[in-house]
Amino acid sequence: MSAIRRDDPPSPPSTYNSSNSSLKDEKRAPLTPPFEVSDNKDDANAVQQAFKSPDGATLELLERIPTLAARGSGAPGSTFGRALLRVVGIGRKDGKPHDLDSIATQPSVFDTAQREHYTPLPTYEGYKAFDPMFRWTWRQENSVIRIVDWKIFLWVLIMFLALDIDRANLANATADNFLKDLKMTQADYNLGNTLFRVGFLCAELPSQLVSKRLGPDVWIPIQMIIFSIISASQFWLSGRSSFLATRFLISFFQGGFIPDCILYLSYYYTKTELPVRLGFFWVSNYLANLITGFLAVGLLQMRGVGGRAGWRYMFLIEGLLTLVVGIASFFLMPSSASATKAWYRPKGYFTDDQVKILVNRALRDDPTKSSMHNRQALPIKTIFRCLGDYDMYPLFFIGLVFGIGAYPVSNYFQISMKQLGFNTVQSNLLSIPNTVWSIINLLIITIASELVNNRTFVCMAENLWMLPNYIALLALPDSKVTPWTYFGIATVLLAFPYVHAIQVAWTSRNSGSVENRTVSASVYNMMVQTSAIIGANVYQASDSPRYRHANSAIVAILLFNVLIVYPATRWYYKSRNAKRAAKWDVMSSDEKSRYLETTNERGNKRLDFRFAY
Numbered sequence: 001m002s003a004i005r006r007d008d009p010p011s012p013p014s015t016y017n018s019s020n021s022s023l024k025d026e027k028r029a030p031l032t033p034p035f036e037v038s039d040n041k042d043d044a045n046a047v048q049q050a051f052k053s054p055d056g057a058t059l060e061l062l063e064r065i066p067t068l069a070a071r072g073s074g075a076p077g078s079t080f081g082r083a084l085l086r087v088v089g090i091g092r093k094d095g096k097p098h099d100l101d102s103i104a105t106q107p108s109v110f111d112t113a114q115r116e117h118y119t120p121l122p123t124y125e126g127y128k129a130f131d132p133m134f135r136w137t138w139r140q141e142n143s144v145i146r147i148v149d150w151k152i153f154l155w156v157l158i159m160f161l162a163l164d165i166d167r168a169n170l171a172n173a174t175a176d177n178f179l180k181d182l183k184m185t186q187a188d189y190n191l192g193n194t195l196f197r198v199g200f201l202c203a204e205l206p207s208q209l210v211s212k213r214l215g216p217d218v219w220i221p222i223q224m225i226i227f228s229i230i231s232a233s234q235f236w237l238s239g240r241s242s243f244l245a246t247r248f249l250i251s252f253f254q255g256g257f258i259p260d261c262i263l264y265l266s267y268y269y270t271k272t273e274l275p276v277r278l279g280f281f282w283v284s285n286y287l288a289n290l291i292t293g294f295l296a297v298g299l300l301q302m303r304g305v306g307g308r309a310g311w312r313y314m315f316l317i318e319g320l321l322t323l324v325v326g327i328a329s330f331f332l333m334p335s336s337a338s339a340t341k342a343w344y345r346p347k348g349y350f351t352d353d354q355v356k357i358l359v360n361r362a363l364r365d366d367p368t369k370s371s372m373h374n375r376q377a378l379p380i381k382t383i384f385r386c387l388g389d390y391d392m393y394p395l396f397f398i399g400l401v402f403g404i405g406a407y408p409v410s411n412y413f414q415i416s417m418k419q420l421g422f423n424t425v426q427s428n429l430l431s432i433p434n435t436v437w438s439i440i441n442l443l444i445i446t447i448a449s450e451l452v453n454n455r456t457f458v459c460m461a462e463n464l465w466m467l468p469n470y471i472a473l474l475a476l477p478d479s480k481v482t483p484w485t486y487f488g489i490a491t492v493l494l495a496f497p498y499v500h501a502i503q504v505a506w507t508s509r510n511s512g513s514v515e516n517r518t519v520s521a522s523v524y525n526m527m528v529q530t531s532a533i534i535g536a537n538v539y540q541a542s543d544s545p546r547y548r549h550a551n552s553a554i555v556a557i558l559l560f561n562v563l564i565v566y567p568a569t570r571w572y573y574k575s576r577n578a579k580r581a582a583k584w585d586v587m588s589s590d591e592k593s594r595y596l597e598t599t600n601e602r603g604n605k606r607l608d609f610r611f612a613y
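Using full-length UniProt numbering, count along the sequence shown one by one with no gaps and you end on 613.
Some hints here could point you the wrong way.
[Said to hold, decoys possible] Simulated pairs of lysine to aspartate or glutamate, EDC-like, Cα-Cα distance not exceeding 16 Å:
hint	residue 1	residue 2
1	K128	D352
2	K381	E601
3	K579	D590
4	K341	D353
5	K579	D391
6	K592	E116
7	K574	E601
8	K605	D391
9	K271	D352
10	K574	D391
11	K128	D353
[Stated by the list, open to error] Cβ pair distances, simulated, as ranges:
hint	residue 1	residue 2	range
12	E597	P567	35 to 41 Å
13	S575	F384	22 to 28 Å
14	I440	I564	27 to 33 Å
15	G488	K347	27 to 33 Å
16	S552	T485	17 to 23 Å
17	I440	P483	23 to 29 Å
18	P545	L214	34 to 40 Å
19	K579	V452	21 to 27 Å
20	D188	K341	48 to 54 Å
21	K605	N423	56 to 62 Å
22	N600	I380	15 to 21 Å
23	I327	G488	42 to 48 Å
24	I471	E601	42 to 48 Å
Keep in mind that the hints were calculated from the coordinates and are not lab data.
Glycine is no exception: its CB is placed at the ideal position from the N, C-alpha and C atoms.
Could you put together the complete structure from these sequences and hints?
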């Protein structure tokens, strides 16, 4: 692994585009094969100086530069996205097999004259594994990514599934006379959903800051243990006050969980791999709805056991399941790729060479990932600077408005089914078709995000899907409203392609630094929770049963998003990139080096950064 000999000429070093990893060839002397990789890191420094020399570089020195992957080449089958493309028959059109033993190392800023300005700090947890001269093959990269998928990503999915079960089971409880048993009204139920979102809002950023100091591998298990105990304690709910208190406390200790997980996964995956993983991350959200639906069918039948309602046993048993996952997470979440060994796991997850692959591929994809240690706290000044990053505001606003249409029908689905004459078991089972359909649509939208390098129009799909369904709810005459008619419209509506995962990855990419990524992930999720608060209160008893005023308002919001919000966001980021390119592209290599050395601009404010849109 440490020495790879190649007989084909290497790709030329290139300049870096932060958002799309696009590369522009930089003139230099041609390389003559064969050459051999040197294990001496001093050679990398020598190459750096050679790039700066007036005549380019000496051929003798440059022949020691290891080859890079062909520009624009991708991993052959190493991601879920490509697996999905193969399933639907989309792949290489030439029919030629990929060469798994070809070089996978992608060109980056570490192959340019400006490389020294991107070198990791010694405090970075993967510093010892960083080596800009290190090369690996697709076969080796695929092998290590499979380990990450099975050892890291799969457990994150299980944790998220456990969290979702604890926050999704309230809707199932409503099908078992939950409100009647606690002598509560629809307004109390709305207030509980609102307080649940408020808890998230209050905890998102503080939780992220705690996680940045302790590390996600420590803080996430602590969170899970606390909120699982509170969730299980709902067995002893006595009325409105205890209901409202537990809803707030559960969400307060769940706050920050999702941004924590996203930041944790970003240490292992590149920016093109992360959206696909996040798509599957939110598939677990739908799986939680399926699981809670099936569990509810059985657990709610326990009504009368010990003189207790079935929903009490449901809260208790599902809370205890989450507690087990939380305790196990202390042992199954390594702090980083370079620190997977422990007394109970002496060999760790990765070999030394595999650690080098993970560290170097991550930094070649995004050098800013090394700007902070994964247990380094954010100073107050940095937090306020990140909060004032106006370039992230368009995405924050999207987080506020894009999902409003999803909540009203979803929150009241089981209640509506009961009111339309279906029994408890039927009401829960009828929620399964839209969940399965949603999973399919989520995977389709994930494929679209792989095929189309355009986040704006892909993300519009969710609101475009909802629009005709809300119009149908408005236009349908009262005489035509039957239980099965409403079920059909609601099922189609709730099967919308969920684009939240793509937008989360979009926010992460446009943040431009670890500290900004930490804050922006929290703020974006806070906007999403605010959207949920709005959505939870759209349907009011005074507007029932058709909710015409509420549905009219939702149609207006959906049109606003499709016609104005998303197109304006695309225009903003595209124009920001054009202005920067007009300055950066006319600079000489020396001018670029001087800028990188002297600038006080950080992250997405630098001239060499490009926003994704």
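Status of the hints after comparison with the structure:
Using a Cα cut-off of 16 Å, the hinted pair K128 and D352 holds, with the two alpha carbons roughly 10 Å apart. For the hint linking K381 to E601, the alpha-carbon distance of about 15 Å falls within 16 Å, and the restraint holds. For the hint pairing K579 with D590, the CA-to-CA distance comes to about 21 Å; that exceeds 16 Å, so the pair is violated. Of the supplied pair hints, the one linking K341 and D353 holds, its CA atoms being roughly 15 Å apart against a limit of 16 Å.
Of the supplied pair hints, the one linking K579 and D391 holds, its CA atoms being roughly 14 Å apart against a limit of 16 Å. The hinted pair formed by K592 and E116 meets the criterion: a straight-line CA distance of about 12 Å does not exceed 16 Å. For the hint linking K574 to E601, the alpha-carbon distance of about 20 Å lies beyond 16 Å, and the restraint is violated. The hinted pair formed by K605 and D391 meets the criterion: a straight-line CA distance of about 9 Å does not exceed 16 Å.
Proximity of K271 to D352 is assessed by CA-CA distance (about 23 Å); at most 16 Å being required, the pair is judged violated. Restraint check: the Cα-Cα separation between K574 and D391 comes to about 12 Å, which is no more than 16 Å; the hinted pair holds. At roughly 12 Å between alpha-carbon atoms, K128 and D353 fall within 16 Å of each other, so this suggested pair holds. Between E597 and P567 the CB atoms are about 38 Å apart, so this pair conforms to the stated range of 35 to 41 Å.
Under the hint 22 to 28 Å, the C-beta atoms of S575 and F384, about 26 Å apart, fit the expected range. Taking 27 to 33 Å as the suggested C-beta distance range, the pair I440 and I564 conforms, at roughly 30 Å. A hinted range of 27 to 33 Å for the beta carbons of G488 and K347 is inconsistent with their spacing of about 54 Å. Taken as a hint, the range 17 to 23 Å holds for the pair S552 and T485, whose Cβ atoms sit roughly 19 Å apart.
For the hinted restraint 23 to 29 Å between I440 and P483, the CB-CB distance of approximately 25 Å keeps it satisfied. A hinted range of 34 to 40 Å for the beta carbons of P545 and L214 is inconsistent with their spacing of about 49 Å. Take K579 and V452: their Cβ atoms lie about 25 Å apart, and the range 21 to 27 Å holds. As the Cβ distance of D188 to K341 is approximately 51 Å, the hint placing it in 48 to 54 Å holds.
In this structure, K605 and N423 meet the distance hint of 56 to 62 Å, their C-beta atoms being roughly 58 Å apart. In this structure the hint that N600 and I380 lie 15 to 21 Å apart at CB holds, the actual value being about 19 Å. Checked against the hint of 42 to 48 Å, the C-beta distance between I327 and G488 comes to roughly 43 Å, which is consistent with it. Judged by the Cβ atoms, the range 42 to 48 Å given for I471 and E601 holds: they are separated by roughly 47 Å.
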